[in-house]
Structures are given as structure tokens and as C-alpha cells.
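Below, each chain spelled out in residue letters.
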Amino acid sequence: DAGVTQSPTHLIKTRGQQVTLRCSPKSGHDTVSWYQQALGQGPQFIFQYYEEEERQRGNFPDRFSGHQFPNYSSELNVNALLLGDSALYLCASSLGSGANVLTFGAGSRLTVL
Amino acid sequence: QKEVEQNSGPLSVPEGAIASLNCTYSDRGSQSFFWYRQYSGKSPELIMSIYSNGDKEDGRFTAQLNKASQYVSLLIRDSQPSDSATYLCAPWGLLMDSSYKLIFGSGTRLLVRP
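As they're listed, the protein sequences go chains X and Z.
Position one of the first sequence corresponds to residue 14 (the numbering used here), numbered consecutively onward.
Position one of the second sequence corresponds to residue 49 (the numbering used here), numbered consecutively onward.
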């Protein structure tokens with residue numbers, strides 16, 4: 014039973030570029046949430062996707078956008094990258110948008126130079 | 049005031065001792081509380097959940113909840129070096145749009161000395 018898979022695991026970008034991160038949820042899960050974790054901090058909620066729609070959003074600018082596909086996989090896009098966007102981006106899946114038990118992927122480490 | 053407060057540590061305990069990790073939260077509407085363990089460079093892993101006031105035990109782990117005091121704790125008995133990690137407290141909290149999400153603290157780093 015595959016858990017949550019994320020790609021790429023590491024990537025380096027320069028300021029102003031755009032990045033796309035990908036997530037496949039755990040088998041049987043239909044909801045994907047994205048978190049940003051800066052060094053030494055706890056994960057911060059970006060947004061949640063359920064039924065191919067953004068259902069909840071944290072305090073992140075519009076540069077952060079996402080998508081969910083019919084197979085429940087999801088993408089996180091960040092435009093006009095800033096140095097402060099350097100972080101570990103975590104995808105978590107669950108069954109149902111109201112579920113409070115999340116399964117996390119290994120994360121994508123983004124470095125912005 | 050932060051929504052979830054944890055002492056960043058590090059909390060250093062000898063092997064075999066009891067480690068006590070504490071967390072306070074500001075949202076009185078929080079109903080569920082979770083403890084995640086995160087090894088350096090890895091993703092968070094759920095280790096305990098608690099929904100009612102009192103204690104909940106699972107192996108060497110005990111979670112304690114006091115909603116009146118807005119306080120939740122995690123005790124680790126017979127601490128092992130493999131328990132060395134950052135422990136994240138995460139209440140299931142209410143957003144302004146009346147939906148709920150996990151709100152993480154910054155975590156407490158635990159070091160268990162052999």
C-alpha cells in the first residue's frame with residue numbers, strides 16, 4: 014500500500030522563477046493538504062483540495078496556487094519565487110475534507126537562491 | 049500571542065528517564081489534539097491523538113489534555129536515544145470561515161542521552 018508520494022525531493026530555483034511540486038495521496042484518500050515548513054518552524058497550512066476544488070486556504074499570497082486532478086493527485090505552484098519561499102513543502106492526504114488524521118509525504122525541499 | 053506555544057528546547061534527558069513535553073493553545077474551540085514526531089529532515093509522523101480531558105496511554109507514550117487550561121502534554125516513559133526528534137503539538141483548530149485545520153506549534157526538540 015503506497016503512502017503519500019511527493020516529487021521532486023529536492024530542487025533549487027532562483028528568485029523570480031516558478032516551481033511546481035507534485036503529490037500523490039495515499040491509496041483510498043481523496044483529500045490533499047499542502048503545508049510549508051521553514052527551518053526550525055512547524056508546518057504552516059497553505060491550502061486543501063477536495064473534489065478538485067480548493068476548500069480551505071491559510072494565510073498565503075496568491076503566488077501560491079494549486080490543482081487537484083480526477084485521480085486525487087495534486088500540484089502546488091509557486092510563482093515569482095522569493096528567498097523566503099525556501100522551505101520543506103509537505104503534502105498530506107486524508108479521507109474526506111473534514112478528516113483530522115493526516116498522512117504526510119516525505120516532502121519537497123525547495124531552495125531559492 | 050501564537051496559536052500554539054511549545055518550548056523549542058532542546059529538552060535533554062538521560063536514557064530511561066521520563067520526557068515531558070508541553071503545549072498550550074489559544075483556540076478554545078479546538079476539539080482534537082495530535083502529537084507528531086519529526087526526525088531531522090523527515091516528514092511528521094502521527095504518534096498520539098487525544099480528544100477528551102484526562103490521560104490517554106499508548107505504550108510508552110501518554111497524552112494529557114486539560115481543555116479548561118488549554119494545555120496538552122506528552123509524556124515519554126523509558127526514553128530511548130531513538131526518541132530523539134522534534135515533537136510537534138497540533139490542535140485541530142477553527143478557521144475564520146468556520147472550517148477546521150491542523151495548526152502546528154513550532155515543536156520541541158528532544159535529546160535522549162545514552
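Think of the hints as simulated: they come from the structure by calculation, not from any bench.
All values reported here derive from a predicted model rather than from experimental measurement.
Glycine is no exception: its CB is placed at the ideal position from the N, C-alpha and C atoms.
Do not rely on the hints blindly, as some may be mistaken.
Computed list of chain X residues with no C-beta within reach of chain Z, every gap over 12 angstroms [unchecked claim]:
#  : residue
1  : V17
2  : P21
3  : R28
4  : T33
5  : H42
6  : E65
7  : R68
8  : D75
9  : E88
10 : L101
11 : A105
12 : L108
13 : T116
14 : G120
15 : R122
16 : L126
In the DSSO-like style, the derived pairs of lysine-lysine whose C-alpha atoms are separated by at most 30 angstroms in a straight line are [what the hints assert, rightly or not]:
#  : chain 1 : residue 1 : chain 2 : residue 2
17 : Z       : K104      : Z       : K90
18 : X       : K39       : X       : K26
19 : Z       : K90       : X       : K39
20 : X       : K39       : Z       : K104
21 : Z       : K115      : Z       : K104
22 : Z       : K90       : X       : K26
Here is how each hint holds up against the structure:
1. V17: violated (8 angstroms)
2. P21: Label holds. Min Cβ-Cβ 15 angstroms, cutoff 12 angstroms.
3. R28: Fine: 24 angstroms to the nearest Cβ keeps R28(X) off the interface.
4. T33: Holds, because the least Cβ-Cβ distance between T33(X) and chain Z comes to about 20 angstroms, which exceeds 12 angstroms.
5. H42: For H42(X), whose nearest Cβ neighbour in chain Z is about 14 angstroms away, the distance exceeds 12 angstroms, so it holds.
6. E65: Its Cβ never comes within 12 angstroms of chain Z, the nearest being 17 angstroms, so this holds.
7. R68: violated (7 angstroms)
8. D75: Label holds. Min Cβ-Cβ 17 angstroms, cutoff 12 angstroms.
9. E88: Holds, since 18 angstroms exceeds 12 angstroms.
10. L101: violated (8 angstroms)
11. A105: violated (8 angstroms)
12. L108: Holds, because the least Cβ-Cβ distance between L108(X) and chain Z comes to about 14 angstroms, which exceeds 12 angstroms.
13. T116: violated (8 angstroms)
14. G120: Given that some Cβ of chain Z is not farther than 12 angstroms from that of G120(X), nearest at about 5 angstroms, it is violated.
15. R122: violated (8 angstroms)
16. L126: About 20 angstroms separates L126(X) from the closest Cβ of chain Z, which puts it past 12 angstroms; holds.
17. K104(Z) x K90(Z): With a Cα-Cα distance of about 26 angstroms, the restraint between K104(Z) and K90(Z) holds, given a limit of 30 angstroms.
18. K39(X) x K26(X): holds (28 angstroms)
19. K90(Z) x K39(X): holds (17 angstroms)
20. K39(X) x K104(Z): holds (27 angstroms)
21. K115(Z) x K104(Z): holds (14 angstroms)
22. K90(Z) x K26(X): holds (21 angstroms)
Violation of the numbered hints given earlier is confined to hints 1, 7, 10, 11, 13, 14 and 15; the remaining hints are satisfied by the structure.
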